[in-house]
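Peer 1: Here is what each chain is made of, one letter per residue.
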Amino acid sequence: GENVEQHPSTLSVQEGDSAVIKCTYSDSASNYFPWYKQELGKRPQLIIDIRSNVGEKKDQRIAVTLNKTAKHFSLHITETQPEDSAVYFCAVSSARQLTFGSGTQLTVLP
Amino acid sequence: DAMVIQNPRYQVTQFGKPVTLSCSQTLNHNVMYWYQQKSSQAPKLLFHYYDKDFNNEADTPDNFQSRRPNTSFCFLDIRSPGLGDAAMYLCATSRGRGDYEQYFGPGTRLTVT
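From first to last, the protein sequence lines are chains A and B.
Quick note on our numbering: the first sequence kicks off at 28 and runs consecutively.
Quick note on our numbering: the second sequence kicks off at 41 and runs consecutively.
No wet-lab data here; the hints were simulated from the structure.
Hints are supplied without guarantee of correctness; some may be wrong.
Stated by the list, open to error - In silico EDC-like cross-links for lysine to aspartate or glutamate, where the CA-CA straight-line distance does not exceed 20 Å: (1) B/Lys84 <-> A/Glu32; (2) B/Lys84 <-> A/Glu110; (3) A/Lys85 <-> B/Asp125; (4) A/Lys85 <-> B/Asp93; (5) A/Lys84 <-> B/Glu141; (6) A/Lys69 <-> B/Asp125.
If we strip away everything but chain B, and leave its shape as in the complex, we get (with noise of 0.2 Å):
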């Protein structure tokens, strides 16, 4: 089935070690999308690759960078984790952007310690 997978499912890192969040998609969608959500709260989009152009959006922190090596794959890398960075990260993709549908991976949690 084409689907949105996102690994680890589960991530712990130490409070300043690097980590990387992985995505791929067998949708062939344009749009890639990466969002953080912390618990109760709407997901926040962090930034969005359409093709190769990536897409920051204006209150995402340094800390995040982002890579789209191919159509299929999207990387987080997140260069020094802090506490306040525990969250949900949840992949997303879609047609297009606008009024196109978004299929959302399964998420990734990850805990800093």
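Looking at chain A on its own, in the form it has when it is part of the complex (with noise of 0.2 Å):
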């Protein structure tokens, strides 16, 4: 099956600097990369995603770009404000399911 490595587990910045996280995946036919933001006590939401023809997507701060040969995809967040403060999960979509990352907790410090 497919497998999905996250890293960093955590990750703290200043607010106002950029924040990037990688995820890297085995399954060469996946083709569907979403993004999940999860606050404590909360529903995992959507936040951004990008499908394999594509390389980069960008939506205001958040941008995701994705290397289909080496099988790796970034999430990176400009300008973080505290309201970031989060754990972020990568995801990867194969025929049936998504195989989520292990989260990344971010804290932006003010």
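Put the two chains together into one complex, using the hints given.
Peer 2: Below, the structure written as structure tokens:
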């Protein structure tokens, strides 16, 4: 089955700095790569996703890049704000299901 | 608003006492998923329904069962909860399998005493 590795497990940045979270995957047939944000005690919420026919996607302060050859993708958050503090999960979709990374606890220090 | 609803939000059950968690959706999505999420871990897929077709994950314990009586509702039954089953249970839906966005419900926090 699919194997997804996510790094780092924790990340602290100063408010206004950028944050980058990276994921690698094993199944070259995977074609959909969402990122979820989960605040404490709340549901995971999709913040951005990318499909295999696209190399980069941006939505305001959030961007995702995908390198299909190397089988890795990254989440980039610019101009971080305290409300960006949460756990972020990458995920990889095969034909039947999503496989989640282990999560990154992002803390934005004021 | 179209959404995924889970009831109850908090459930306390006794060790070994059967419990049922429910999920409903107004999105008319074909696929409904049940995930188990323990503290500081990623959601772990237990099983999913594609329409009426039930798909169990290989490592889901037999203690966990599911029913989907119609498109809108899906239930998670835990036949004999153990202390290790205490977790957040998340229901999610999607239009299809594969590269479709999954919409998560708010979750049910299960405590086993």
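Peer 1: Any of the earlier hints contradicted here, and which numbers?
Peer 2: 2, 3, 4
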